[in-house]
Amino acid sequence: MRERLTLKVNGEEVQVLAPVHKTLLEVLREELGLTGTKHGCELGECGTCTVLLDGEPVLSCLLLPVECQGREILTVEGMAVAGRLHPLQETFAELGAAQCGYCTPGILLAAKALLETNPRPSREEIRAALAGNLCRCTGYTKILDAVELAAARQER
Amino acid sequence: MGPVETPPRRAEELAVIGKPFPKVDAWAKVIGETRYADDLVLPRMAHARLLRAQHPHARIKAIDTSRAKALPGVLAVITGADFPPVKFGILPVSQDEEALSTEKVRYVGDAVAAVAAVDEETAERATELIEVEYEPLPPIMSIEEALAEGTVRIQEYGDGPNIHKLVSLEFGEVEEGFREADLIREDLFYFEGSNHLPMEQHAAVARWDPDGKLTLWSSTQTPHYVHRTLAKVLELPMSHVRVIATPVGGGFGGKSDPFSHELVVARLAQLTGRPVKCTLTREEVFYAHRGRHPVLMWVKTGVKRDGTIQAMHFRSILDGGAYGSYGVASTFYTGALQTVTYKVPRYKFEGCRVFTNKPPCGPKRGHGTPQPRYALEVHLDKIAEALGLDPAEMRRRQAVEPFSKTANHLTITTCGLEECIDQVVEASGWRAKHRQLPPGRGVGFAASSYITGAGLAIYWNEMPHTGVMVKIDRGGGVAAFCGSIDIGQGSDSVLACVVAEVLGILPEDIRVVTADTDLTPVDLGSYSSRVTLMMGNAAKEACEKLRGLLLDAAAKKLEVSPADLVARGRRVSVRDDPGRGMSFAEAAQLAEAAYGTLAAAGSYRPPKRGGKFKGAGVGPTPAYSYTACVAEVAVDPETGEVRPLEVWIAHDGGRAINPLLVEGQVEGSVYMGLGEALMEEQVFRKGLHKIPSMLEYKSPTTLETPEIRTILVETIDPEGPFGAKEAGQGPLLPLIPAIANAVYDAVGVRVDEVPITPEKILKGLDLKAKGQAPRVGPERFPLVGYPEPIRVESAFGQPADLGRP
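Keeping their order, the protein sequence lines are chains A and B.
First residue of the first sequence? That's 1049 in this note's numbering, and the numbers climb one at a time after it.
First residue of the second sequence? That's 142 in this note's numbering, and the numbers climb one at a time after it.
Misleading hints may appear alongside valid ones.
[Said to hold, decoys possible] Per the computed footprint, the stretches of chain B lying under chain A, defined by three or more beta-carbons under 8 Å from a beta-carbon of chain A, are: (1) 332-340; (2) 385-398; (3) 629-641; (4) 799-807.
[What the hints assert, rightly or not] Which bits of chain A does chain B cover? Going by a derived footprint, with three or more residues having C-beta under 8 Å, they are: (5) 1119-1125; (6) 1142-1156.
[Stated by the list, open to error] Taking beta-carbon pairs under 10 Å as the criterion, some of the chain B residues facing chain A (in silico): (7) Val171; (8) Tyr177; (9) Leu181; (10) Val182; (11) Arg423; (12) Ser834; (13) Met835; (14) Leu836.
Calculated from the structure, these hints are not laboratory results.
Ideal Cβ positions, reconstructed from N, Cα and C, are used throughout, including at glycine.
Only chain A is shown next, with the shape it has when bound in the complex:
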C-alpha cells in the first residue's frame, strides 16, 4: 500500500507516493534520488545513514517517513548553501578526512549537529558525538582534525 507523504527535505517541500513500510533511508534514496545518504547495515548499527531531523542526528534506516512529516530533514546534499560548501565539507576535503568517502555523509551531518550545539567542542566531545558512526578507513584521526579545524574556522 502506498501513501502520499509530504516531506521537507533540504528546505524544499516534496510530495512522495511511497509504500508505508519503506524507511526514510529508502524513500530518500529510491523515491527522491538522494543517494548521498548511504547504508552500511540497515539495522541501526553503523551510523552510515545518519541524517538530521530538526537538527538532530537520526538513523534514517530506522525511521518511517510518516513520522518525519512536518519536520526538517537535512541530508548531505543540503549541507552546501547556494553552492557554498559548509566549513565541515571544506575541512574534510582539505585534510583527507574522506578516504573511501562512504561514511562521510553521515559523519558530516553528525558533526554539523555537534557544532551547532557546541561550537568549540573538545576532542573528547567530538569523539563522543561521532561514536555512533563507524569509519573503517581513517582511524578517525583526520576526521577529528577536520571537525576541530571547521570549529576554529567558524569561530573566526
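On the provided structure of chain A, position chain B as indicated by the hints.
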C-alpha cells in the same frame, strides 16, 4: 633498460610531489555526489537476490523454482544449471567456484539460486519460495577436524583429503644454525580470522545490450580479473565484456575476488533483457568474506647471546574455508616475509592450508603476513626478555642491510627500519617506560616490512602490470587513463600528482579516467600495495614522452635547447630565466601543431628478481616498506579490558607522493590493526556464523581508537616513482604484536592468541595468581604431513642485483 635513474633527493626540486594536495575526488565525496555501485539506477532496472545455503555442508538433490517463478513481479529464476558448466577462481590453480552451486553447498551462505524481480522485496520473497532438497553431509569446522577427516571431502582436489596446499622450503641448513645458537626458543600462536568490514556492502549492476555486449558496474578492487572471469564463465569474448569498477566504499582486500553476485546479475541481465542490480546485505558480506585466515603457528628461533639470529623454522596451518580463493598465495605469504625485516641467515618454512565448511578466506590488508608477524614479534619479545636485552634495541641491531638479499632470495632495496625504530623509541619515550610504568600500564614494541606490489601477476603472462595513457588537449587540459581503481586509498590522486609533477601543472588541472576496461589500459587492481609504484612509474613514462614533445616545440619557438627548459607552475620556461617562456597551453598548441595529437602511453612491469625454486613467486616485489611501532595501553586487572592509550608509528614508505594520503593510510592501518588485536573475530558455532552483524561483530569506534602519532621516514627508493614505496598495508603489521607486548608489559600476561579479549587476560591473571605460567594460547600443534623440504642454498647477505631484464 639500464640501471634506474636516481630520483631527485631534495623535496624542493619537486613542485607537486610531497605536498598535501586534497584528493581529486574529495569534493564529490563531501557533497554526496560520488556514485557507488548501489547508487546506480538504470531505466527498467530489475533487482536480484541470491538464495544462500543454510547447511554448512550438503549435497544438492533437487531444486524446485516453480513457485518462485509463479510469483507476480518475478522476471527470472536461475540455478547453477543456467550457467555453462565452468568453474572459476581468482588463482589459476584454484578454479573451484561456481556462480551458483550445482552439486554441493560448502558453507552456510553458499549461493544456490537467484531471482530477478521488479523490486528487491519481490525478489527476496521469491527466493523464499525456492525449494531446495539437501542431503546433509558432516561439516568440517576446524583445522583439527580437517586434518583428521579422511573420508568426507569438501573439495575434490588438493594435497590431501581436506588439505588444499602443503609447502615446505629450506634455505640453508637450519639445524646447523640451531647448533650454533646460545638460546633456542619455540612458541605457539593462534590468530583468529576477521572480516574486512568495509562500510559499503558489495553491489553490482549488469546491462546486456542486444548486440551481445555486456557491461558490469561493480564495487570491485580488481576489475581486470572480474573482466576475465565474466568472459570465461559466460563464454563471451573478452572484447564484448566491459567492467567498470565504481568508486569502492572500502575494500581492504574483501572485494578482490570475482563473486557470485557479479556473475548472477550478468546472467540475469542476459535472460531478462533488463539491467539487473544486486546489493548484498551486511549479513551476506560476512558470507562473501575472503577475510583474514585463521592461522595456527609454531616458530623456533636460535639466537646468540646478543640477539643475533642464527636460524629460524616457521610452521603455519591456515583455515581456508570452503574454497581456494587467494589461499595458495596466502599460504606462501605466511612464510615469505619473515626474512625481510631482520637478518635471518638460515630459514625453513612449512605451510599448510586446509578446507573447512566456512566462508572462504582470502586477502585482508597485509595478506597472510599479519599472522606470522604477530607470532614473530611476540616470540622475539620473549627472546629479548630471556636474554635481558631491550627488545627495541635488539631488533634494531638485527635490521636487514639495504640492497642485499635474504635467505629466501628476496631482494631488498632501501630499508629505513633503523630510522623508524629510532624515531618511535624517541617519540614514545620508550626507554623511560618499558618495564617501568606502574602496574596496569604498559608499552609494547614491534616492527615489520611489506611488499610494494607483487612481483608476479595472478595469471602467468609477459605483459605489463599496468598502463597509463595521457592526452593533452589544445586548451592545456590533461586527461590520464588507467585501469587502476580508487578504493579510498587515493590512487586517482596519486595518478594526478605524478602527471602534474612531470608536466609542470597542478593536480586540479587533470581529469582522471580510471577502472573502465573499455576505456583504460589494464591495471591489475588495488591489491598487494602495488598501485602507487606501478601506476606511478607508468604515468611518469607516459608524461615524460609528452613533456619531451612540449619542450621540443617550445625550444624551437624560444630558440633555446630543450635541455634548458623546465615545465613547472603551468608554464614552460627557461630554467635560469623563468620570465622567458610560455604557458603550458601555448606549449601544448605548438607541440600539437608540430607533432599531431598529443597522446602517449607508459607501462610498467616489475623486475624479475625472485629465486629459481618452486614457490619463489610469492614474496618478490620492487621494494619493501618498513614500519616500527610503540603502543601504550592500560589494562584493567578487574575486567581484563585493554584500553589503547597512544600509538607511535614510523613508516618508511619511500617518498610520500602526498603526505596527507600516506598519513591517512598509516592511521587507517593502525586502526584496523587495533581492531584485530583486541576485538574483531569471525567465529562459528555449529556450522553457523556466530555474529554476522555489525552490532555483534565488534570494531573500534572513535572511543576505542587512541591518538595516533605518525612519523614518515622517507627513504628514496630507486624503484618507485620519485622514490615512493607503499603505505596501505605494511603499517598494520606491527600493531597487533605491539599491543600484545604492551599487555605483557602492563600485567605480565602473555596472550599468544589474537584477539586479546578481556576473558583471555583474566584467565592469564588467574593463572598468574595461582603461580602457574601466565600464558594463554594454543597448547599443541597438530601433526601435519609436510613434505620433504625443497632445499635451496641461502642467499643471505648477497648484494642486491638491481639489473633489469
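Starting from the hint list further up, note which numbers the structure goes against and sort them upward. As far as the earlier hints go, not one is violated by this structure.
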